Amino acid sequence: MSPVLAGVLQLLALMAALALAYVPLGNYLARVYSSPRHLRIEKWIYKGIGADPDTEMRWPAYLRGVLAFSVAGVLFLYLLQRLQGVLPGSLGFASIDPDQAFNTAASFVANTNWQSYYGEQAMGHIVQTAGLAVQNFVSAAVGIAVAVALVRGFARSRTGELGNFWADLVRGVVRVLVPIAVVGAVILVACGVIQNFSGIHEVGQFPGGTQEWNGGAVASQEVIKELGTNGGGYFNANSAHPFENPTPFTNLFEIFLILLIPVALTRTFGVMTGSVRQGYAILATMATIWLSFVALMMWTEFAHHGPALQAAGGAMEGKEVRFGIGGSSIFAVSTTLTSTGAVDSFHSSYTGLGGGITMLGMMLGEIAPGGVGSGLYGMLVMAVIAVFVAGLMVGRTPEYLGKKIGTREIKFAACYILITPALVLVFTAAAMALPTPGHSMTNSGAHGFSEILYAYTSASNNNGSAFAGLNADTQWFNTTLGLAMLLGRFLPMVFVLALAGSLARQQPVPATKGTLRTEKPLFSGLLVGAVLIITGLTYFPALALGPLAEGLA
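0 is the number of the first residue of the sequence shown in numbering that gives the first Met the number 0; add one for each residue after it.
By construction, these hints were calculated from the structure, which means they are not laboratory data.
Since we're looking at a predicted model, the values are computed, not measured.
Using N, Cα and C, we set each Cβ at its ideal position, and we do this for glycine too.
It cannot be assumed that every hint is accurate.
Pairs of lysine to any residue residues, derived as SDA-like cross-links and limited to a Cα-Cα distance of at most 25 Å, are as follows [claimed, not checked]:
#	residue 1	residue 2
1	512	395
2	512	384
3	403	155
Just the calculated beta-carbon pair ranges, DEER-fashion [as the list claims (entries may be wrong)]:
#	residue 1	residue 2	range
4	532	22	31 to 37 Å
5	474	75	21 to 27 Å
6	395	528	17 to 23 Å
Can you make the complete structure from the sequences, with help from the hints?
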């Protein structure tokens with residue numbers, strides 16, 4: 000079987016699995032976030048945290064819950080790392096330095112999971128399981144909760160109430176993430192991913208010394224890392240490590256986990272708003288972008304330029320032989336078009352244009368299908384922009400799902416769109432202008448610039464993958480990337496929830512013959528164009544200095 004055919008067959012199998020899960024999971028998520036009932040374990044949790052799950056919240060109260068919970072998470076994870084040296088199960092590792100502890104705490108609470116350290120050489124069992132793995136669950140649940148709040152904004156009328164954050168958070172963990180993660184972890188263990196609490200083992204004698212590996216609860220963390228679109232690996236090699244991702248099947252299964260909830264949430268959106276076809280329109284937009292990126296990535300990496308690439312069957316540098324170019328390309332596109340950041344290959348070793356595709360996927364806002372929750376609310380904000388543009392072209396008041404898109408709504412949407420590019424470009428410019436950050440670059444010229452641009456793009460978009468080649472474990476990068484991750488996660492949520500509150504207060508307007516049919520293919524095409532044009536206008540100069548210059552050289 001040719002490598003190209005193998006890649007296409009993997010793609011078809013992945014799409015079939017997602018199609019089978021789409022309706023049942025999407026409907027289940029709609030029931031979870033619409034049910035008035037509380038499970039017994041949920042009642043215990045509410046009692047423990049002192050929350051009343053039946054109290055409806057307006058958007059400022061909902062936002063306060065998001066921020067309060069996240070601040071507590073940053074402080075807890077920071078202290079856990081700083082105290083690691085005196086905690087049991089630390090495997091003899093010392094406490095984490097302050098700047099790296101801040102970076103890691105911000106990273107995992109912001110659902111970014113950027114790692115400027117070697118996981119197997121820095122973090123013990125307590126920090127990995129009680130700290131990082133827990134944040135993998137709750138940070139994902141926060142993202143889903145904010146997305147559901149925006150959906151309620153479209154579905155409700157003449158009220159500013161968006162639900163209860165604490166109920167949405169707890170239900171996301173208890174009813175959605177934990178059950179799927181348990182099943183997924185069992186599958187990964189059955190396929191060879193390790194799951195233990197063993198210490199450090201010496202595995203061999205080599206001319207340069209010995210090699211040591213430590214065990215860990217890898218399968219349980221691996222599954223939620225992908226399912227929650229987190230991305231932080233137990234080992235520095237991430238999903239390229241055989242303890243995390245041993246076979247082509249586990250590789251495809253992990254991609255399935257990455258895409259599962261973001262894809263199903265479009266069905267949830269359609270069900271909760273009373274128009275399943277609207278969910279299909281959003282899904283079609285996401286699928287068009289994702290498939291286009293996968294096809295383009297495979298083409299750039301399979302193209303045979305030069306004798307070395309011809310002999311290897313494509314650009315195999317930095318890719319695992321057991322996955323090949325097809326599996327690596329699908330993984331790279333899926334992880335950068337979502338807020339996952341897990342990697343099964345070395346993105347810095349991709350062709351110049353291939354590296355640019357991974358960057359562009361994040362620059363789109365990771366909305367195809369995006370992270371758990373963040374992908375849906377990001378695409379819905381873009382839908383608001385697209386409706387506004389369409390309204391300007393035909394001279395009508397823009398409407399989406401019966402809600403008028405006025406000055407207030409478009410300001411919230413515009414602020415949402417502008418935040419992330421501002422963070423990326425300002426921090427990148429500062430790093431390139433100052434003398435010290437440039438010392439962390441392994442390469443010079445366009446590729447060196449791409450390393451810096453990729454790092455801040457990854458952090459500000461809460462992705463977490465690295466271009467590699469950049470020594471990010473410095474006070475400058477630990478601090479600035481940590482700030483970019485926090486601002487890139489929570490500032491957009493402010494405007495998403497404000498938009499949700501504004502929409503929920505409106506009285507729906509009836510559809511007329513002049514109303515734009517947002518469930519039709521025409522609107523999906525308009526939405527794709529809006530996403531690409533807005534991103535292209537924002538980032539094209541920076542891309543031209545980095546991956547485009549390298550790829551066309």
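The hints, checked one at a time:
Distance hint between residue 512 and residue 395 is fulfilled; the C-alpha atoms sit about 12 Å from each other, no more than 25 Å. For a cut-off of 25 Å, the pair hint linking residue 512 to residue 384 stands: about 21 Å separates their Cα positions. Distance hint between residue 403 and residue 155 is fulfilled; the C-alpha atoms sit about 13 Å from each other, no more than 25 Å. Taken as a hint, the range 31 to 37 Å holds for the pair residue 532 and residue 22, whose Cβ atoms sit roughly 32 Å apart.
Between residue 474 and residue 75 the Cβ separation comes to about 23 Å, which falls inside the hinted range of 21 to 27 Å. The hint said 17 to 23 Å for the Cβ distance between residue 395 and residue 528, and at roughly 19 Å that hint holds.
Against the hints set out earlier in the document, no violation occurs for any number.
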